[in-house]
Amino acid sequence: LSGRPASPPSQRASELRITAVAVHGSGPIPEQRVISALALTTGEIFDFSEWQRDRERVEALYHDEGYYEARIDARRAEDGSTVALMYAIAPGPRGEITVSGHGLGGDTLDRIRTAWSQAVVDQFLVDEVQEIVRGDLAREGYLRPKVAVSFRLQPEAGAEKMLSVAIEPGPRAT
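Per our numbering, the very first residue in the sequence shown carries number 174; after that it's consecutive.
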């Protein structure tokens, strides 16, 4: 090692130029809005890490709009020195969380939304939400709460999926 920084090559052999960015199945969010959330666009040099962050940005866009079950499949098709990027989106139903009987803090609701976005099976999510809520209530001094969590579809409201959390906090421990 000479101790000098290596001079960058004028053109790396592994550099791929992006020739196309396509979005399929954007559903309720307009395709142009999805594309505007992407950092990598046509004509730029492909960066794998940035491409992964783009997928996460699109997923966050849907989650922020209440589509907690949205799944984003990012694919690329290389052809020599070029690459086409494709994002297949399955938005799922729009979700809504209702809480009755006792209020929950914003951080608790954020943890529930995150759990929903990562859940594979509804029953696992029900169990996880119960644990999240019980932990929140325990920190407030409610050590024997009753927490009922359920899902229901609201087809009259555009096939929304409702997550209902009914809380009976019980006596507060001091």
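Hints listed in this document are in silico derivations from the structure and should not be mistaken for laboratory results. Misleading hints may appear alongside valid ones.
As the list claims (entries may be wrong) - With beta-carbon atoms standing in for the labels, derived distance ranges:
1) Ala346 x Ser323: 21 to 31 Å
2) Ala233 x Thr192: 22 to 32 Å
3) Arg249 x Glu313: 14 to 24 Å
4) Ala212 x Ala346: 46 to 56 Å
5) Ala212 x Ala261: 12 to 22 Å
6) Val294 x Gly200: 20 to 30 Å
7) Thr271 x Gln296: 41 to 51 Å
Since this is a predicted model, take the numbers as computed values, not measurements. Ideal Cβ placement from N, Cα and C applies to all residues, glycine included.
Cross-check of the supplied hints:
1. With their beta carbons about 27 Å apart, Ala346 and Ser323 fall inside the hinted range of 21 to 31 Å.
2. Our hint of 22 to 32 Å for Ala233 and Thr192 holds, since their Cβ atoms are close to 26 Å apart.
3. Checked against the hint of 14 to 24 Å, the C-beta distance between Arg249 and Glu313 comes to roughly 48 Å, which is inconsistent with it.
4. Between Ala212 and Ala346 the C-beta distance comes to about 49 Å, which sits within the given range of 46 to 56 Å.
5. Distance hint check: the CB atoms of Ala212 and Ala261 are about 19 Å apart, consistent with the given range 12 to 22 Å.
6. Between Val294 and Gly200 the C-beta distance comes to about 22 Å, which sits within the given range of 20 to 30 Å.
7. Between Thr271 and Gln296 the CB atoms are about 19 Å apart, so this pair departs from the stated range of 41 to 51 Å.
Consistency note: the structure conflicts with the earlier hints numbered 3, 7.
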